[in-house]
Amino acid sequence: MTNFIQHITFIVLILATFMAGSEQAFAQENPIQIPGGSFHSILPEVEGEPIEVEDFYMDELAVTNADFLEFLEQNEEWRRSNIPAIYADSGYLKHWKDDLDPGENVKPYQPVTRISWFAANAYCRWAGGRLPTLNEWEYSAQLMDFDSAEEMNEFANELMGWYSAVDVQNTKTVGSTDIENRHGIKDQFGLIMEWVEDFKPPISNEISLDCGTVGRMQKLGNTYSYAASVRYITRMSFNPKMTTGMVGFRCAYDAGKTKQQAEKSL
Amino acid sequence: MKLFQTLSTGLLILLVAQSAIAQHMNHNAMKAQPVQSEHSVYHMDASWTDHRGESFQLADLQGNPVVVVMFYGNCTQVCPILIRDARRVFEAVDESLRSEVNILAVTFDPENDTPEVLRNYAIKQDLNIPQWHFTTAKPADIRELAMLLGVQYAQKSDGHFSHSNLVTVLDERAELLTGWRD
Chain C
98 MTNFIQHITF IVLILATFMA GSEQAFAQEN PIQIPGGSFH SILPEVEGEP IEVEDFYMDE
158 LAVTNADFLE FLEQNEEWRR SNIPAIYADS GYLKHWKDDL DPGENVKPYQ PVTRISWFAA
218 NAYCRWAGGR LPTLNEWEYS AQLMDFDSAE EMNEFANELM GWYSAVDVQN TKTVGSTDIE
278 NRHGIKDQFG LIMEWVEDFK PPISNEISLD CGTVGRMQKL GNTYSYAASV RYITRMSFNP
338 KMTTGMVGFR CAYDAGKTKQ QAEKSL
Chain W
10 MKLFQTLSTG LLILLVAQSA IAQHMNHNAM KAQPVQSEHS VYHMDASWTD HRGESFQLAD
70 LQGNPVVVVM FYGNCTQVCP ILIRDARRVF EAVDESLRSE VNILAVTFDP ENDTPEVLRN
130 YAIKQDLNIP QWHFTTAKPA DIRELAMLLG VQYAQKSDGH FSHSNLVTVL DERAELLTGW
190 RD
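Protein sequences appear in the order of chains C and W.
Here my numbering is used: position 62 in the first sequence is 159, and no number is missing along the way.
Here my numbering is used: position 2 in the second sequence is 11, and no number is missing along the way.
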């Protein structure tokens, strides 16, 4: 199954590259529309007022090493040897062999990691989009359907297991986790953590793994609430220059803009 | 008040250093030069638009001290204080050097704060003066500047923003040597 998904992903990527032609590349895959709605965040919110999210589009898959290589080929200022210190720490793409050579140990369809928030932001701008907001990413992440409560609990347990031991030495390829939301957004869990536009909201000081936060999360009655709290708290320890093997990204697009892109490609 | 004094003192120290450079530099503020430091905010290549409708890049401000404050026009609580603090810093600079300082007031709210809205804001605040730039840009660029400066903000359901309150003084090279570190 995994090989099959990799194979299909490979074909999609080749097709997307071909269709993009020599113009500025947009998303490497067709972005998927996420209809707007509301959800309860683990962040403090006005009682009875869940967070509203408008329609948006998001990449089906995380940005890969192959995608990022294309970005670097066209944007030399973001290459490892050129990037100024203000935009990334010294670990930026450290696992790549050279500026434009990921090397044999870095697979083209693994998600790109060891990139700073600034580089992720620049990539999405180049790709005609933007980083998803914290609320968009989290809203999408909880749009999952399960056949039973047992299945849901089992998944929640697996999720916590994954968060407690993210294996950055053996990152899977994109699309290979078999985890997707009801709209087909893949790998929001089980692959990497992902940059979002506003990863450190200004109320960060109120969030910690203390009893108050845990109690608030339990009240949400959300399968992922504990795992979500791990994500929020982990993100708050990030800084935008940081590069780690655990963090990659995907892009999002405003609904209006992506419709124009879609019309253009017809 | 103490904070204000600290800011003023910091700026004056910068200006003393700056005045030596200023003696042999072109005083035209809108002239981009190669970015001089790995740690400079002037690596940003985004296009910004001020309340006069003029477009510029941050690197155009290179060579002169810049005071940066992030705010939004509909903010009636903390933001007027932030603008007032920036104004105090500006007015604390000796009048003979004041023309060399730029104040960059960047909105969090580009959707509402168009250049026209910002122009009205500047006039209302009595700050429609050459050194002041009430400025907007694309949302991703505004976020990038905020990330560089360590300013956090998020829009709430009522349209207002929660945000950090920070006035940043940049020297002539706009180096950020504190804040995010390796």
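Mixed in with the good hints there might be a few duds.
As the list claims (entries may be wrong) - Which chain C residues face chain W? A few, computed with CB under 10 Å, are given here:
| id | residue |
| --- | --- |
| 1 | Pro-181 |
| 2 | Ile-183 |
| 3 | Glu-201 |
| 4 | Cys-221 |
| 5 | Leu-228 |
| 6 | Gln-266 |
| 7 | Glu-294 |
| 8 | Pro-298 |
| 9 | Asn-336 |
| 10 | Lys-338 |
Said to hold, decoys possible - In silico EDC-like cross-links for lysine to aspartate or glutamate, where the CA-CA straight-line distance does not exceed 16 Å:
| id | chain 1 | residue 1 | chain 2 | residue 2 |
| --- | --- | --- | --- | --- |
| 11 | W | Lys-165 | C | Glu-146 |
| 12 | W | Lys-147 | C | Glu-146 |
| 13 | W | Lys-165 | C | Asp-186 |
| 14 | W | Lys-147 | C | Glu-247 |
None of these hints come from the bench; they were simulated from the model.
Because the structure is a prediction, the values reported are computed rather than measured.
Virtual Cβ for every residue (Gly too), placed ideally from N, Cα, C.
Report task. Identify every previously stated hint that the structure contradicts and give their numbers, smallest first. Result -> Of the numbered hints, 3, 6, 12, 13 and 14 do not hold.
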